[in-house]
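Based on these hints, arrange chain B on the given structure of chain A.
Which chain is which? The protein sequence lines are A and B, in order. Note that my numbering numbers the first sequence so that position 118 is 118, with each residue one more than the last. To convert, take the position in the second sequence, counting from 1, and add 342; that gives my numbering.
Worth flagging that the hints you see were computed from the coordinates, not collected in a lab. Quick caveat, the model's predicted, so the values are computed rather than measured. The beta-carbon is built from N, C-alpha and C at its ideal position, and this holds for glycine as well. Hints may be right or wrong, so weigh each one.
[Stated by the list, open to error] Per the computed footprint, the stretches of chain B lying under chain A, defined by three or more beta-carbons under 8 Å from a beta-carbon of chain A, are:
id, stretch
1, 449–457
2, 468–478
3, 482–492
4, 659–670
[Said to hold, decoys possible] Computed, partial: chain B to chain A, Cβ under 7 Å:
id, residue
5, M386
6, C446
7, G464
8, E508
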Amino acid sequence: MNVQSNPVTSDDTSARVLSYAEAIREAMAIAMQADPTVILMGEDIGVYGGAFQVTLDLIDRFGPDRVMDTPISELGGAGVAVGAALTGLKPIFEFQFSDFAMLAMEQIVNQAAKLRYMLGGEAAVPVVFRMPSGSGTGAAAQHSQSIEAWFGHVPGLKVLQPSTPEDAKGMLLAALADPDPVMIFEHKLLYKTRGHVPEGSYLTPIGKALVRRAGSDLTIVAGSIMLHRALEAAEKLAVDGINVEVIDLRSIRPIDRETILTSVRKTGKLLVVYEGVKAYGVGAEISAMVAESDAFDYLDAPILRLGAADAPVPYNPDLERASVPQVDTIEAAARRLARREV
Amino acid sequence: MMDTDNRPFAIRQYAPAQLREALKRMYLIRRFEEGAEDSYTRGMIHGTMHLSIGQEGSAMATCMELTDDDKITSTHRGHGHCIAKGADVGRMFAEFFGKETGYCHGRGGSMHIADVKTGNLGANGIVGGGLPIAVGAALSAKRLGKSDVTVCFFGDGANNEGAFHESLNIASVWKLPVIFVCENNGYGMSTSTARSTAVPHIAQRAAAYSMPGTTVDGNDFSAVSEALHIAIARARAGEGPSLVENLTYRWRGHSKSDRNRYRTKEEIEAWMAKDPIARFRAELIAHGILDEAGADAIAAEAVADVQKGIEFAKASAAPDLSEVTRYVYAEAAL
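Isolated chain B, as found in the complex:
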């Protein structure tokens, strides 16, 4: 039966309700990022931030089969991962606004956004910082006899860090249930992978650590979810780690300081034409999962959720200044 069904993997694999929820979360990521950018411009968010507009398909499809017991480690470009894993955008905005109601009580901000209850162990300000931590989370699952897996998001920039190589090696030697997901958006800040990385595809580096390595179109929801489906099954079966490389692109600059002197307008426009949300939406409509009106309704829900989230953040209280050292150590100790 299956081999006569040549519809895309995601359409075959997931229930319509799951697919609609995935589209909703992709819209939510896009609108969240836009809302964060707008709030930053208005001076309501300080510091910097790294937007993932254009990478929503990679974040959502990667998390498609994960439960709250499964863990992720995320990156400085981590807002999308957090939403894809199930976070509430109101508490995320509250964190960005530095409020006590934020996921990190205003101590972390954009670069450390986390939601431990949904299995998100946190974004990380250090390139490659989350890689060994993800392997440790996978070690916990194995030692504690759980079937949880850990997905380790990292960017192309991290693949030249020692932490990448040490982590893949240890995960492979110990056959740990971790999936390394490289979101290759072509640039580590301004330096292209061609100028930084000795292999044409980062997934090739899996061979050095005796694990499967796959390169997929990171803006193709179905392709990413299928690659993850295979890697997660392998991890849950105790067969060890995998490396999946999602080729994608960030529409915005690296951070708020980016003057975009290293990419051409043509290149950016060519990638914008491969918008993962538009593609997924069209695919769902083409396969009868929803119609245009239904898709518009989902998109409108995302707009409303983001608006509500910003209002919640605005109305929330800031941390008390006397609590600057709170959370350095456990409260009971010391």
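One chain only, chain A, in its complex shape:
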């Protein structure tokens, strides 16, 4: 995948390439090496190596006391991670699929997100939840969802969505350095994608979007795998002289208001692309944010959103593909928006 490098704190300019999964694993290893309070918890993350082989051999390097297979017990397991975070450990809890976090909503939303506030700042819950998410694997309705917007609605949480191996590593290290609960949505289709990853420790700032492609005709805001589809669509549009600015959202909560508004003021047109169900999603928040700001005056076309169909993720591969934004649907929507055919 061909995307710009981040401005990060690392000065590594080598051409070292890792997969997204390897980058996440490297971040975990660096953190565990540096800080004995960092532990991993999750289902089948030990000898099995995780359902997506992200933890892989970390159990051999750090042992079963720090790479802990939990029972299939999401509420209990996530709650143990919350309690451990409250009392001195820094757990990284892997949900096998982000869909399974619904079994643990109580501990994530009622406990982790609210403890600091309910206790008037006298407590901290520095837990990281890793959330393998997204469609495209043929796993149907209960293993393919994109539920990041749900957590964007919860004060107290931070919600991230890395799109590149470099960010996947830098965001995990940033999440571990953060004193509050952080949820990182990792797209399953990105695990095997490869890209430049700096050596050593660096932090990708939480709450900062990034302009991955500069343009002047319209703005596309997209995150995770949708960034890559948007960039591909932008290349096709460039052939026809439509110059698209593509912003990698990266952080859903907190959201980078300034980067988005600045771009909209420049291009006057906004398309938001996300994999979650379109209604009440990330796009609604971003659209409203623009509509409520001075950037509204710069709009010269309605804001468009592309999200998932108003249906569970279907099994049939063609239906599944059709249910979420693809390069061609993004391209078509952007073309219409550029021509003000909306």
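Below, chain B alone, put in the same frame as chain A:
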């Protein structure tokens, strides 16, 4: 020598000063609850609250051997736990009054009362919410090589939540230093344990998770402290969790909305006759730990402390309205 001493466990085990302090804290819980109820009636406390009058023995005896390094997780009926663990009633009242000087700076109130410095990780508004958190605290102690234990208070209502079963299972599989203390007061809101729970004694559920389970008279200070003594020793020795069920009773309704249509006057009066404070006081006097005058003096101290606490809360400042989002995230971050 020991086997010739047939005095109650607590009398044998604890120094007279410790026993007198325990009685003081039990009085303090009772007077605190009454003070909170009265303040609520006068409109100085809003929202709702869940009073633990009648359950003071369970709270105090359970915490008897805990240090500030040991943790507790508490419940919506958590005022007594907080006091038993060592909290200051002035800061508790301040929290109930919604004041900045409260333990949670007025953001938590009765249902989230906590005192992290004395090891109280907080009351919880979600039935069963504290159970996995307690197991996590025990995991921290184990991983960090500390000898701390965690006591997890929960009610009979929580024993049918999935969180109860998941937590006991994980604690047992990982042999964690946690003691699950069920305060069985007979009712989850209006639904009796007989109508809600498939086993006659909640402690029986320990068997499913390969840990010791004990049912004790929760209004008998000595019986509770002995059960905890054994469970804490087991936890500190690295042998894993235990479940202790304290049979007790709340004299008041579930919360302020309770019209008490599910319990009889006779039942309530029968339990009031088993007042844990009166029993403990009589036991201490019978064994020469104090005399009537000494007990009265302790009771009077509790009254004075509560009065002082209410005055402190009244005089404290409310949070600044501009700070409604303060404490959502760490101050340095964002």
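For each hint, the structure was consulted:
{"no.": "1", "hint": "449–457", "in the structure": "holds (count 4)"}
{"no.": "2", "hint": "468–478", "in the structure": "holds (count 8)"}
{"no.": "3", "hint": "482–492", "in the structure": "holds (count 4)"}
{"no.": "4", "hint": "659–670", "in the structure": "holds (count 4)"}
{"no.": "5", "hint": "M386", "in the structure": "19 Å, violated"}
{"no.": "6", "hint": "C446", "in the structure": "4 Å, holds"}
{"no.": "7", "hint": "G464", "in the structure": "6 Å, holds"}
{"no.": "8", "hint": "E508", "in the structure": "3 Å, holds"}
Violation of the numbered hints given earlier is confined to hint 5; every other hint is satisfied by the structure.
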